Structures are given as C-alpha cells and as structure tokens.
Amino acid sequence: FAKMSSLAEIERTSAKRYFEILEDTLVVHRLEAFSKSEKVRIIQHPRFHLFDVGVLNGIMGNFEVSPDRIGRLFEHLVIQTIRATAQALDKDVRMSIFRTAGGAEVDLIVEVGHKMFAIEIKATKKITTNDFRGLVQFSNFVGGKNRSFVVSLDPLVQEFKGGIALPLQELWSHLGWIEH
35 FAKMSSLAEI ERTSAKRYFE ILEDTLVVHR LEAFSKSEKV RIIQHPRFHL
85 FDVGVLNGIM GNFEVSPDRI GRLFEHLVIQ TIRATAQALD KDVRMSIFRT
135 AGGAEVDLIV EVGHKMFAIE IKATKKITTN DFRGLVQFSN FVGGKNRSFV
185 VSLDPLVQEF KGGIALPLQE LWSHLGWIEH
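Counting in the working numbering, the sequence shown tops out at residue 214, every number present.
Note that these hints are calculated values from the structure, not bench results.
Honestly, I wouldn't trust all of these hints.
[Claimed, not checked] Think about it this way: if two alpha-carbon atoms lie no more than 20 Å apart in a straight line, the pair counts; the simulated EDC-like pairs of lysine to aspartate or glutamate are: (1) Lys-160 with Glu-193; (2) Lys-156 with Glu-193; (3) Lys-160 with Glu-145; (4) Lys-156 with Asp-126; (5) Lys-160 with Glu-66; (6) Lys-160 with Asp-188; (7) Lys-125 with Asp-102; (8) Lys-195 with Asp-126; (9) Lys-149 with Glu-98; (10) Lys-160 with Asp-126; (11) Lys-159 with Asp-126; (12) Lys-160 with Glu-109; (13) Lys-195 with Glu-139; (14) Lys-159 with Glu-145; (15) Lys-179 with Glu-145; (16) Lys-125 with Glu-98; (17) Lys-125 with Glu-204; (18) Lys-159 with Asp-124; (19) Lys-125 with Glu-145; (20) Lys-195 with Asp-141; (21) Lys-179 with Asp-124; (22) Lys-149 with Asp-102; (23) Lys-156 with Glu-98; (24) Lys-149 with Asp-126; (25) Lys-159 with Asp-102; (26) Lys-179 with Glu-109.
Note that this is a predicted model, so its numbers are computed, not measured.
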C-alpha cells in the first residue's frame, strides 16, 4: 500500500481503504504472502489481481498481447481461472504467494484442506529445470509437504526433478479436482 499511496500521492491509510473497497466489491482479489506463521503473513506485502483480464486490459488501454505483457496476462488468467474453478467446485481454498528476502518466488500457493500445491506460471512453450528453482526452495521451506507444478503454454505434460510442467487444462486432474 505504501508504494501505491506514494505513486498516487495519497495517505497510506486511504490507499489501504480503497483496496478494501475494491475487494469488498469483488473487483480485485488479494493474494497474501505465504508463511507458516499467521503473524508473518499479516506483515508481508500482498499482491492484488483484478477479477478479469479484460478489465485489466481496459484499464491499461491496451488489448495487445505483446511480448512484454504476455507473462503478466497469462499469470493473471491462470490465477483467476484457478480461483473461479475452486469456487465452481465448492472448494475451500487458501491462495497466497511465496517470496523470500533472497529473491526466490512462487507465483501461487494453493492450500486445500491438508494438501498444498506450489504453482509457478510461465507464458512459454519451453520449460527448463531453471523454472523450478523457486518451487524447490518453497518445497524445502515447507519440508516437502507440497506438490509442485509449472503451468505453461506448452501442451505437453513433462516431469522434472522439481515437479511437473503442464498446460492449464491438465492442472485440474493433477490437483485432484476433476478426474480424467
């Protein structure tokens, strides 16, 4: 909120309240930072996603899927699709992001009951072991109590040392939400 409020030249408390209104009206969804501790989750900075990629494009005044935007648009689409699918299937999920002080990051952590899934989102057709770095660090952080996936534009399902790379349409069966 501090970064947003300084950019908009408004009070931090006002920026926070504006985001709360956007959340209450379901225009944006908050992704809290993942932590084993509830106290730490509250202190770390959240990330926000609009409810629809088209609205994001409209606000930006840009409907072109250019190379500089495809990553952010694909990440947004995947996160919103996972959220909508969970709601449609009446899944009680907790969604968050993972970041370390050292710069490791995982785009999405999905917790469903006692199951935990770490999901990296890549708008590419060529997945490499490098794409699993953050996932491996997250798995080490939680003691291997998760399953790791890279969701990409590659239509093939591939196994890597750090997890499975797959297209979005294959994710549901790997999460155990829909049987093939």
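Here is how each hint holds up against the structure:
1. Our distance criterion of 20 Å between C-alpha atoms is met by Lys-160 and Glu-193, whose separation comes to about 13 Å.
2. A hinted pair counts as satisfied when its Cα atoms are at most 20 Å apart, and Lys-156 with Glu-193 qualifies at roughly 16 Å.
3. Simply put, Lys-160 and Glu-145 have alpha-carbon atoms about 27 Å apart, too far for the 20 Å limit, and the pair is violated.
4. Restraint check: the Cα-Cα separation between Lys-156 and Asp-126 comes to about 25 Å, which exceeds 20 Å; the hinted pair is violated.
5. The hinted pair formed by Lys-160 and Glu-66 fails the criterion: a straight-line CA distance of about 29 Å is larger than 20 Å.
6. Taken as a hint, the Lys-160 and Asp-188 pair is honoured in the structure, with Cα atoms around 7 Å apart against an allowance of 20 Å.
7. Restraint check: the Cα-Cα separation between Lys-125 and Asp-102 comes to about 34 Å, which exceeds 20 Å; the hinted pair is violated.
8. Proximity of Lys-195 to Asp-126 is assessed by CA-CA distance (about 29 Å); at most 20 Å being required, the pair is judged violated.
9. With a CA separation close to 37 Å, the supplied pair Lys-149 and Glu-98 exceeds the 20 Å bound.
10. Restraint check for Lys-160 and Asp-126: not satisfied, since their Cα atoms lie roughly 33 Å apart, outside the 20 Å limit.
11. For the hint pairing Lys-159 with Asp-126, the CA-to-CA distance comes to about 31 Å; that exceeds 20 Å, so the pair is violated.
12. In summary, the hint linking Lys-160 to Glu-109 is supported, as the alpha carbons are separated by about 16 Å, within the 20 Å threshold.
13. Taken as a hint, the Lys-195 and Glu-139 pair is honoured in the structure, with Cα atoms around 18 Å apart against an allowance of 20 Å.
14. Restraint check: the Cα-Cα separation between Lys-159 and Glu-145 comes to about 27 Å, which exceeds 20 Å; the hinted pair is violated.
15. The suggested pairing of Lys-179 with Glu-145 holds, with an alpha-carbon distance near 11 Å, which does not exceed 20 Å.
16. Between the alpha carbons of Lys-125 and Glu-98 the distance comes to roughly 33 Å, so the proposed pair goes past 20 Å and is violated.
17. Pair hint Lys-125 plus Glu-204 holds up; C-alpha atoms about 18 Å apart against a cutoff of 20 Å.
18. The suggested pairing of Lys-159 with Asp-124 is violated, with an alpha-carbon distance near 31 Å, which exceeds 20 Å.
19. As the CA atoms of Lys-125 and Glu-145 are separated by approximately 10 Å, the hinted pair is consistent with the 20 Å bound.
20. Restraint check: the Cα-Cα separation between Lys-195 and Asp-141 comes to about 19 Å, which is no more than 20 Å; the hinted pair holds.
21. The suggested pairing of Lys-179 with Asp-124 is violated, with an alpha-carbon distance near 23 Å, which exceeds 20 Å.
22. Using a Cα cut-off of 20 Å, the hinted pair Lys-149 and Asp-102 is violated, with the two alpha carbons roughly 34 Å apart.
23. For the hint pairing Lys-156 with Glu-98, the CA-to-CA distance comes to about 18 Å; that is within 20 Å, so the pair holds.
24. At roughly 11 Å between alpha-carbon atoms, Lys-149 and Asp-126 fall within 20 Å of each other, so this suggested pair holds.
25. Among the hinted pairs, Lys-159 with Asp-102 is consistent with the structure: their alpha-carbon atoms are about 16 Å apart, no more than 20 Å.
26. Using a Cα cut-off of 20 Å, the hinted pair Lys-179 and Glu-109 is violated, with the two alpha carbons roughly 24 Å apart.
Violated hints for the displayed structure, listed by number in ascending order: 3, 4, 5, 7, 8, 9, 10, 11, 14, 16, 18, 21, 22, 26.
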